[in-house]
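Chemist: In case you want the letters, here they are:
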Amino acid sequence: MISREEYFSKRDPIAFPLWQKATIGIAGAGGLGSNIALSLARAGTGTLIIADYDIVTLENLNRQQYTLAQIGKLKVEALAENIHSFNPFINLVLHPVEITPANFNAIFCTADLLIEALDEAEQKEMLISYWASNFPNKHLIAASGLAGFGKNASIHTEHYGFLHIVGDLKSELKPEISPVATRVAVVANMQANLALELIAKAKGN
Amino acid sequence: MAEESVFFVNGNKLPWKEGLVVADALKMMNYTFKMLVIKMNGELIKRENWQTTPIPENADIKVIHLISGG
Numbered sequence: 000m001i002s003r004e005e006y007f008s009k010r011d012p013i014a015f016p017l018w019q020k021a022t023i024g025i026a027g028a029g030g031l032g033s034n035i036a037l038s039l040a041r042a043g044t045g046t047l048i049i050a051d052y053d054i055v056t057l058e059n060l061n062r063q064q065y066t067l068a069q070i071g072k073l074k075v076e077a078l079a080e081n082i083h084s085f086n087p088f089i090n091l092v093l094h095p096v097e098i099t100p101a102n103f104n105a106i107f108c109t110a111d112l113l114i115e116a117l118d119e120a121e122q123k124e125m126l127i128s129y130w131a132s133n134f135p136n137k138h139l140i141a142a143s144g145l146a147g148f149g150k151n152a153s154i155h156t157e158h159y160g161f162l163h164i165v166g167d168l169k170s171e172l173k174p175e176i177s178p179v180a181t182r183v184a185v186v187a188n189m190q191a192n193l194a195l196e197l198i199a200k201a202k203g204n
Numbered sequence: 000m001a002e003e004s005v006f007f008v009n010g011n012k013l014p015w016k017e018g019l020v021v022a023d024a025l026k027m028m029n030y031t032f033k034m035l036v037i038k039m040n041g042e043l044i045k046r047e048n049w050q051t052t053p054i055p056e057n058a059d060i061k062v063i064h065l066i067s068g069g
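For the protein sequence lines, the chains are H and C, in the order given. All letters in the first sequence, in the order written, are residues 0 to 204 by numbering that gives the first Met the number 0. All letters in the second sequence, in the order written, are residues 0 to 69 by numbering that gives the first Met the number 0.
Keep in mind that the hints were calculated from the coordinates and are not lab data.
Which chain C residues stay away from chain H? Per the calculated CB distances, all over 10 Å, these:
{"id": "1", "residue": "5"}
{"id": "2", "residue": "13"}
{"id": "3", "residue": "15"}
{"id": "4", "residue": "17"}
{"id": "5", "residue": "27"}
{"id": "6", "residue": "55"}
{"id": "7", "residue": "56"}
Under the rule of at most 30 Å between Cα atoms (straight-line distance), these lysine-lysine pairs were calculated in the DSBU-like manner:
{"id": "8", "chain 1": "C", "residue 1": "26", "chain 2": "H", "residue 2": "169"}
{"id": "9", "chain 1": "C", "residue 1": "33", "chain 2": "H", "residue 2": "150"}
{"id": "10", "chain 1": "H", "residue 1": "200", "chain 2": "H", "residue 2": "137"}
{"id": "11", "chain 1": "C", "residue 1": "45", "chain 2": "C", "residue 2": "33"}
{"id": "12", "chain 1": "H", "residue 1": "169", "chain 2": "C", "residue 2": "33"}
{"id": "13", "chain 1": "C", "residue 1": "38", "chain 2": "H", "residue 2": "173"}
{"id": "14", "chain 1": "H", "residue 1": "173", "chain 2": "C", "residue 2": "33"}
{"id": "15", "chain 1": "H", "residue 1": "137", "chain 2": "C", "residue 2": "38"}
{"id": "16", "chain 1": "C", "residue 1": "45", "chain 2": "H", "residue 2": "137"}
{"id": "17", "chain 1": "C", "residue 1": "26", "chain 2": "H", "residue 2": "173"}
{"id": "18", "chain 1": "H", "residue 1": "169", "chain 2": "C", "residue 2": "45"}
{"id": "19", "chain 1": "H", "residue 1": "200", "chain 2": "C", "residue 2": "38"}
{"id": "20", "chain 1": "H", "residue 1": "169", "chain 2": "C", "residue 2": "38"}
{"id": "21", "chain 1": "H", "residue 1": "169", "chain 2": "C", "residue 2": "12"}
{"id": "22", "chain 1": "H", "residue 1": "150", "chain 2": "C", "residue 2": "38"}
{"id": "23", "chain 1": "C", "residue 1": "33", "chain 2": "H", "residue 2": "137"}
{"id": "24", "chain 1": "H", "residue 1": "173", "chain 2": "C", "residue 2": "45"}
{"id": "25", "chain 1": "H", "residue 1": "150", "chain 2": "H", "residue 2": "173"}
{"id": "26", "chain 1": "C", "residue 1": "12", "chain 2": "C", "residue 2": "33"}
Computed list of chain C residues with no C-beta within reach of chain H, every gap over 12 Å:
{"id": "27", "residue": "2"}
{"id": "28", "residue": "11"}
{"id": "29", "residue": "12"}
{"id": "30", "residue": "50"}
{"id": "31", "residue": "53"}
Please read all numbers here as calculations on a predicted model, not as lab measurements. Even for Gly, the Cβ is constructed at its ideal location relative to N, Cα and C.
The following block holds chain C by itself, in its conformation from the complex (with noise of 0.2 Å):
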């Protein structure tokens, strides 16, 4: 039996497909935070790439939620 393609958003498990952009994570995710960093396999994504950067497969990606106050 074929092993399912999947990707990592933090450490929840998704599965992946061809043509997935960083975007595409938020999405699955149901992420609604307004500011936030993306890392994929230890790079920071800039946000201007968000949209035409690919997930590849068994990527890890981190999502960090940034919150006022200091």
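One chain only, chain H, in its complex shape (with noise of 0.2 Å):
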């Protein structure tokens, strides 16, 4: 059995102790949220709360981090397995039911931060507006316009206040053409990136 002095091997001794310590919300586990959800496991999140009602199928593959294999399996299940193949020292905290108003604060109320990894607009402007009703004071890591693939230095990030927003804010997608995976894995990953940062300004100090 490897220790977990072994595996935490080579961190940066003020900021992992800190993700240690974190509980990190994860709506949707699609493109954008397999994605977040790998990277902050192998960066070494202490807790994931991973909420999404669905199935791995075909033609998820182009873009999510599932396996021909795990087709049919619910994505939250697939995302553990995954997840536990090269880490066994993170908490996942699985929820496979649709995020609801009725649903969202037993969900999501023990997350220092929440990141938004849905598919529909609609939904992404509920969970915003849930969100910053419930929790005014932790911080919202959403994505918006990441259609397509190339134009890196289009893809930011816009701040307001404890609400943040990665993506070009204007790609849409062509009726029938997924997201791309390269595109896609960059604003999963600029999310990932700026939720360790925040995490790690707000209790460093």
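Two chains, each in its own frame: build the complex with the hints.
Modeler: Written out as structure tokens, the structure reads:
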């Protein structure tokens, strides 16, 4: 058995203990959420709360971090399996349910910070609105505008107090065309990267 | 000379007058985004309050366009 000390070697002495204590919520386990979860798990986040009601399908494999063998499984369970295959020292709280105003608080109330990784703009708007009313002093990192490929320089982060938006804020999906793995992963990892920065800052002072 | 009353939407200076509500800011900017969030002076204004929330003079309004994809 690998020990905890062996596993978490060569870590930032100041930031890493803060990430270990942190609980990060991820709303959605698709192209954004699956990439966000893997990176945050590798970085050493203590607890991830992941909510998604969907199952893995063949057409998800163009950008989401699942395998052929996982088709038909609940995404949250497939993601937990993938995370535990490289990090046994993480606490995962899985919610295989649709996020609604009614269950929102119960799912995410223990999160220090929430990352929005949903697909539909309507859902994004709902999530931002509920988080801002229920947890006005906790950070929310959302994504908007990630369709297509290339255009690295157009992807950036806008900050509005506790609300942060990553993306190009303009690229719309074309009908029947999925987001592309590379650009989704860039946005996802910028969201995850900002989450680690905010946690290191908030508790590091 | 009296200074003209103004407010700001995404950094654009607009003329302010008594009686403007948050929904007017979208019209004045010709924004037609379907899904968006509006923050005024740092506070989120819920969709159901756009028609009734007055814009104070010098308000700083941010309109954030939400696009599907994830």
